[in-house]
Amino acid sequence: MSVSQAALEFPLLRGRRIRTRIGWVLSVFAFALVAAPLADILLLVFARGVSAISPNLFLLPTNGISGGLLNAIVGTFVLSIGALIIGVPIGVGGGIYLSEFGTGPFGNAVRFLSDVLTGIPSIVLGYFSYITLIIGLGWQFSALAGAITLAMMVVPYMARLTELSFRQVPLSLREAGYALGATDRKVIFSIILPPALPGVLTGALLALAISVGETAPLIYTAGWSNYVWNGKLTHEPIGYLTYVIWSFINQPFESAHALAFAAAFLVVLVVLVINVTARAVLFSRS
Amino acid sequence: MRTSPFRIGLIVLAAIIPGMLIAVVLFLALYSWPAIQFNGVGFLGGQTWNLGNLYADPVTIRGMQVPIGAQYGILVFIVGTLATSAIALLIAVPVSLGVSIFLAEGAPPHLRPTLSLIVELLAVVPSVVYGLWGVAVLVPLIAHYIAPALNTLLGFIPFFAGGSPTGFGLLSSSLVLTLMVVPIITATIYSALLQVPRPDKEAAYALGAMKFEVAVRAMLPMVRGSIVGAIILGLGRALGETMAVLMVSGGAINYLPDTITSPISTMASFIVSQLDSAEQDPTGMAVRSLAEIALVLFIITIIVNVAARLITRGLHVGLASRA
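If you're matching them up, the sequences are chains A and B in order. Those letters in the first sequence? Residues 1 to 286, per the working numbering, in order. Those letters in the second sequence? Residues 1 to 323, per the working numbering, in order.
So here's chain A without its partners, still in its complex pose (with noise of 0.2 Å):
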């Protein structure tokens, strides 16, 4: 190498260097133009919903544009949990046949079809709803086809968690099961579904955080209505937290957009409280 190469290479090297300089500001400039909004929704959503809290709120039910958020609260909470009582057996058993003994065509099938079912959106899983239940069984809006919805969406993240929390408990355990003459069921219940818990009850808490924060197929299952739920399954239609969001920002009254901001808080807290939790828990975990 003579000295005129090593010449001819320095300019090159200033030249690279800009370019990883300016590539690295590129690349937080990324990472700020998405903090930047999220900072900014949370933000609104915490400073005009705080502002619009008062008992009212959890004591009346809406009317009209205004007064409280009690029957949006409760039909929230009776949609999410009948949600979770559908759809965590059938998540959860789904789950462990995948784990357990899902190494088939069959396993697979079912393991792909379930990535797939996420992503199919929303309102098509409550338009099938809305032909089937709605129309076809005559329900009219109500809990129970907003409940069935909601499991639809939450079946296969259930199915996915429990699959993978059964799955990193080790093989020997198993062994050690069968060998002393247990059965299926005693193996799975007795000695992998104790150290797999906390992994299953954190994929129902997400699935709850999910039901929490859905709209569009309730908007065409379970109606909406002013009144606190008077525990009618069908024929009855509910409220909900996140229909007075959609709903109540497009009205040209203050009382409803202070509605709308309350709402939007105690779901968006419900949902970020419940994510960074179960995070919380999966990261010690692993």
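Watch out, some of these pointers could steer you wrong.
Example chain B residues on the side facing chain A (calculated, C-beta under 8 Å, incomplete) [unchecked claim]:
1. S4
2. L13
3. A14
4. M20
5. L28
6. V99
7. V119
8. V128
9. L179
10. M210
11. F212
12. V216
13. G236
14. G240
15. L290
16. F298
In case anyone wonders, no lab produced these hints; they're calculated from the structure. Glycine included, each C-beta is placed from N, C-alpha and C at the ideal position.
Please arrange chain B on chain A, whose structure you already have, making use of the hints.
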């Protein structure tokens, strides 16, 4: 070996998952069948969505009872769906690449969990809350600042020239979608970058590459399959997004967008916005035509998602066999 009742129970529960998918496509197809026959191929190419005269006696056309003048064409909504998704991906892909490189290689390791949590939280904010933020912040911002600025800078291109935009429309929908797909694309690319084997990175360093050059010139090409899969996954999300788009789209009907500030409707948002009107149709043809839109959307997203899963699935096997 005899299969125990317990195991049969598990198989039945597992079978519910594919069963749901089959039920959805079957019932949507059955229910929309009269609409498919009535609308024909014109459904996809027609620009007019007209429920017809709902108060006059229905007429019989092609053996089906429909309101007088009823016409169902969804080209406007197909264009709205494709245009918003395309613009969203156009912005989201470079941003996601930048964020992934920053998270995987640029950020200090002890900050990485917190920073990636911020990106993940973007994915869990409910759609309707994005819509709320869109209405309260983004739409006024576009109407007062962004659209006028685009008009001044790029106004010589007809697509960017706008009269007096309301802020509700193509641009606001695309930007909201961008925020919603960035975490999905970033998560996939970021986890792929973390799996790049250390010796491969060291080989690039040994050749004298700087850290950023290693990330861009050595690591990104190694995960290019994951990048493609991630983009398709993001596309699937963007195509089906409903509430946020509905709230900021301006709800166009019978009108193709011609500028970046034009009001639009997507297939998903249109289905929600039409519930009340469609229920007024005594012949039920409007509700059946909406089912046909849902069926079209279902088929598109199935194709997109299957493609994305097949691409990313093959990659995991490839990476595992390398290690």
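Taking the hints in turn, this is what the structure says about them:
Annotation: B/S4 was flagged as interfacial toward chain A, and the flag holds, the nearest CB pair being 6 Å apart, inside 8 Å. The beta carbon of B/L13 comes within 3 Å of a beta carbon in chain A, closer than 8 Å, and the hint placing it at the interface holds. With its C-beta approaching chain A no nearer than about 4 Å, B/A14 sits inside the 8 Å limit, and its interface hint holds. With its C-beta approaching chain A no nearer than about 6 Å, B/M20 sits inside the 8 Å limit, and its interface hint holds.
Interface hint at B/L28: satisfied, since its Cβ lies 6 Å from the closest Cβ of chain A, which is below the 8 Å cut-off. Interface hint at B/V99: satisfied, since its Cβ lies 5 Å from the closest Cβ of chain A, which is below the 8 Å cut-off. At a threshold of 8 Å, the smallest CB-CB gap from B/V119 to chain A is about 6 Å, leaving the interface hint in force. Hint status for B/V128 relative to chain A: holds, with the closest Cβ pair at about 4 Å, below 8 Å.
Satisfaction of the interface hint for B/L179 is found here, the shortest Cβ-Cβ separation to chain A being roughly 6 Å, below the 8 Å cut-off. The closest approach between the C-beta of B/M210 and any C-beta of chain A is roughly 5 Å, which is under the 8 Å cut-off, so the hint is satisfied. Hint on B/F212 holds. Least Cβ distance to chain A is approximately 4 Å, under the 8 Å limit. This hint holds: B/V216 has a C-beta 7 Å from the nearest C-beta of chain A, less than the 8 Å allowed.
Interface hint at B/G236: satisfied, since its Cβ lies 5 Å from the closest Cβ of chain A, which is below the 8 Å cut-off. Hint status for B/G240 relative to chain A: holds, with the closest Cβ pair at about 3 Å, below 8 Å. For B/L290, the suggested interface contact is upheld, since its CB lies about 7 Å from the closest CB of chain A, less than 8 Å. Because the beta carbon of B/F298 sits about 5 Å from the nearest beta carbon in chain A, less than 8 Å, this interface hint is met.
In this structure, every one of the numbered hints holds.
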